[in-house]
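Since the structure of chain A is provided, determine the placement of chain B on it from the hints.
Each chain is listed here by its residues.
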Amino acid sequence: MNDIIINFLKLVIMRSCPILTAALGEVINERAGVLNLGCEGIMLIGAAVSFLTTYFTNNILLGIIVAVIVCAFIGLLHAILTVTLKANQLIIGLSIWIMGIGLSSLLYRVFIGIRQALPKIPILEDTKIPLLGNIPVIGPILFSQNALVYLAYILVPLIYIILFKTSVGLNIRATGENPEAVDVLGVNVFRLRYLCVICGAALMGLGGSYLPLAEIGTFTEGITGGRGWIALALVIFGRWNPIIIFLGSLLFSGVEVLQYYLQITTNVPYQFLLMLPYATTIAVLVYVYRRAEAPAALAKPYERGERI
Amino acid sequence: MPELKRYISLIELVKGTTFRSILLYLISVGLGLIIGGALPALAINISPMEVYQTIFYASLGNMLRISETLVKTIPLWLIGLGIAVAFSSGFWNIGAEGQFYWGAIAAIGIGIIISGMNLPPPIAILLILIAGFLAGALWALIPAVLKVYLGVNEIIVTVMMNFIAIYFAEYLILGPWRDPAVPEPMTYALPLEARLPKILPGTPLHAGIFIAIIATLVAYVILEKTPLGFEIKCVGNNPKAALWSGINLSKVVISSMLLSGGLAGLAGVCEITGIHYRLLRGVSPGYGFLAIIVALLAKLSPLGVPASAFFFAMLLVGADALQRTVKIPVSAVYVIQAVILLSVIVLEIVLRRGLKR
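Going line by line, the protein sequences match chains A and B. Here the first sequence stands for residues -2 to 305, numbered as in the working numbering. Here the second sequence stands for residues 41 to 397, numbered as in the working numbering.
The shape of chain A in the complex, shown without the other chains (with noise of 0.2 Å):
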């Protein structure tokens, strides 16, 4: 009995880590004004990155630093777009998310093709931390995992000091709230966004790279099942603080490995079970929704040396 809670446990935070690493890409955008929509697509390039460049070189260190290369560059496309021609970033965003929708299926295609057998790749091992991993209950279930999640665990304290303990941090705040008075202040609100959605779709890559890599082992396509979009709604639920986020995404994430354990266990027709995540981001969002504060500048072009 106790196996099975620590291997539910240790599943919960394994399976957290996709929406949570997302969720911290999109948590910097929104902290600097930003509204990034095409979040599910990012991931979808980033997944299907990272498996193609895993499966062609054997190296996973590898298919996670490409990914993350290539959607820092759809970030910075994304970020001209917003931040420099000031496009309607719902558009933007959405378009950005159909993009990803096609392109990962196309490269997936023109790569791979069409194969019976699926094409596999070693998934990432888990690595027992020294010490730490003797540990009895929380050993097995934190310090057994592999090394993606813990990048997440370190992920979350570094956004959440940068964020709220560092200059660097306040300014990209405040830029979310005010870019007027962070622009009188001399600090530059374009190289501040240019910078936040950069690091924020790279994060989405990463997010999108842990499918295949650690969870999977292959590539299919609309891989993330609307991953993408959980984030953005655990962004809302987590109040755009890091630490809340994380939490949030253990909520998320139990319910999906609930829903895998009771496909096991019950007799309910497993599409009714399939459905339990997406029906409860729908009702964690009309639960939190009144309390939700977004950043006041969210999702507004800023235009220097305009008069309000």
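Just so you know, these hints were derived from the structure itself, not from any lab. Built from N, CA and C at the ideal position, the CB exists for glycine as well. Some hints could be false.
What the hints assert, rightly or not - With the Cβ distance kept under 8 Å, some of the chain B side facing chain A (calculated, not the full set):
1) V188
2) G191
3) N193
4) F208
5) E210
The following block gives chain B in isolation, referenced to the frame of chain A:
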């Protein structure tokens, strides 16, 4: 007034002289086709020209092919209309895929109920159309109500509801409605009297195209000629100003979403009653998503949607043909769509700035 500008930027996607708009669209479509077509063509070593030739021949080569393209136009057209209506009111309905599935589910549901009753065809079809419209509209009502009364972000909710609708359809296909007489998982077939007639002998073109034409006229009249349409546009342009001028925001958003979901539902009905006669998995290659950009490129104008839908239906049919010969998936169409829309936006902004200077 940065806020005002933000809302207008949606409607003002492409504005200005007709000549400039046409030129802009031509360049963007060219760019989209070059990037979306040449990339895969180069990767598998065939000339891009061959790709375009195949697309052109496969979609417009003869009467049969044109009617196949029209058949694929119908769902994009109806859904695109619905999305245009919702987006005009500032409601980001990304849930058309789910609303489409609900229309399809309703069609089969009514088909099962009336089978054996031998209703006259017009009554059977009318019943199904009404049921499909209502099913899509009610599914769209949920995010509208959540948005209006609780302020819940409609984009995420509608995306989530797509997954739920698709899984529910899958449950019906594999579970209670599965037809045991066929080996593949499919629902029971529609009775003969509930099927839309073919309008060109020897081709798949069905009467759904008339439904799309009527829907276009209705949507046009509602948006352009009625007080409701005026209010929808006001709310879409500037909700605060609309509120101050005494417009009932909830009423406007809810009615535009009912219409939007209903139109997507009708698209589902047409796919089932016109082509498949059964509900099966993957009945939509993502019409609900493709139609978003169809509507945006039509500048949310009901009369622009058919042209925009026809163009992307050509690409869909062409991609199907390419898929058989050179293995380019339908997903290339998604890439082409995104590239075209992004280039329209970029060119428009650059041009507008250039003129200002």
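These are the hints, each one checked on the structure:
no. : hint : verdict
1   : V188 : violated, 12 Å
2   : G191 : holds, 6 Å
3   : N193 : holds, 6 Å
4   : F208 : holds, 7 Å
5   : E210 : holds, 5 Å
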